[in-house]
Amino acid sequence: MRVRLGAGGTVDDVRALKTWLEREEPLAELLSEKKLTIEAQTSTDGTRGRLGPDLELVLRVLGDVVTIAALTEYTARAVKTWTNNRRRLQGGDPQPQIRPLDTDGE
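If you count by our numbering, then the sequence shown holds residues 488 to 593, one letter each, in order.
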């Protein structure tokens, strides 16, 4: 699962969202059981003309512990809550996008 913030997102937003996801149940449970990883990485197909680093979060399931549909639901719910909270506190909209990884994990 890939989570990318749009042009309104910053490096600090990516870090904050990663921390949020790591604390969100049931993602936190999967992380503590070493059945999920969440990594920030540089995007390989970033937005053209965007200034600064183009970072995204990649969530990888380790084993057959959760379906992609369930991970998508957990992630979408957590990202929506984080986005609403950020908008309320800071204004703006980082326009998050959630999509599955390619079959090769990229």
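Treat the hints with care, since some could be wrong.
What the hints assert, rightly or not - Distance condition first, Cα-Cα at most 30 Å in a straight line; then the derived BS3-like pairs of lysine-lysine: (1) Lys505 with Lys567; (2) Lys505 with Lys521; (3) Lys521 with Lys567; (4) Lys522 with Lys505; (5) Lys567 with Lys522.
Stated by the list, open to error - With beta-carbon atoms standing in for the labels, derived distance ranges: (6) Leu576 with Asp551: 21 to 27 Å; (7) Ile555 with Thr529: 30 to 36 Å; (8) Lys521 with Asp580: 20 to 26 Å; (9) Glu509 with Leu588: 35 to 41 Å; (10) Arg547 with Leu576: 26 to 32 Å; (11) Arg574 with Ala527: 30 to 36 Å.
These aren't lab readings, by the way, just hints derived from the structure by calculation. We treat Cβ as the ideally placed atom computed from N, Cα and C, and that holds for glycine.
Here's how the hints hold up against the structure:
1. Pair hint lysine 505 plus lysine 567 holds up; C-alpha atoms about 13 Å apart against a cutoff of 30 Å.
2. Under the criterion of a C-alpha separation no larger than 30 Å, the hint pairing lysine 505 with lysine 521 is consistent with the structure, at around 16 Å.
3. Pair hint lysine 521 plus lysine 567 holds up; C-alpha atoms about 24 Å apart against a cutoff of 30 Å.
4. For the hint pairing lysine 522 with lysine 505, the CA-to-CA distance comes to about 16 Å; that is within 30 Å, so the pair holds.
5. For the hint pairing lysine 567 with lysine 522, the CA-to-CA distance comes to about 23 Å; that is within 30 Å, so the pair holds.
6. Our hint of 21 to 27 Å for leucine 576 and aspartate 551 is violated, since their Cβ atoms are close to 38 Å apart.
7. Between isoleucine 555 and threonine 529 the C-beta distance comes to about 24 Å, which lies outside the given range of 30 to 36 Å.
8. Between lysine 521 and aspartate 580 the C-beta distance comes to about 34 Å, which lies outside the given range of 20 to 26 Å.
9. Checked against the hint of 35 to 41 Å, the pair glutamate 509 and leucine 588 fails, with Cβ atoms roughly 19 Å apart.
10. Checked against the hint of 26 to 32 Å, the C-beta distance between arginine 547 and leucine 576 comes to roughly 29 Å, which is consistent with it.
11. Evaluation of the 30 to 36 Å hint for arginine 574 and alanine 527 yields a failure: the beta carbon distance comes to about 21 Å.
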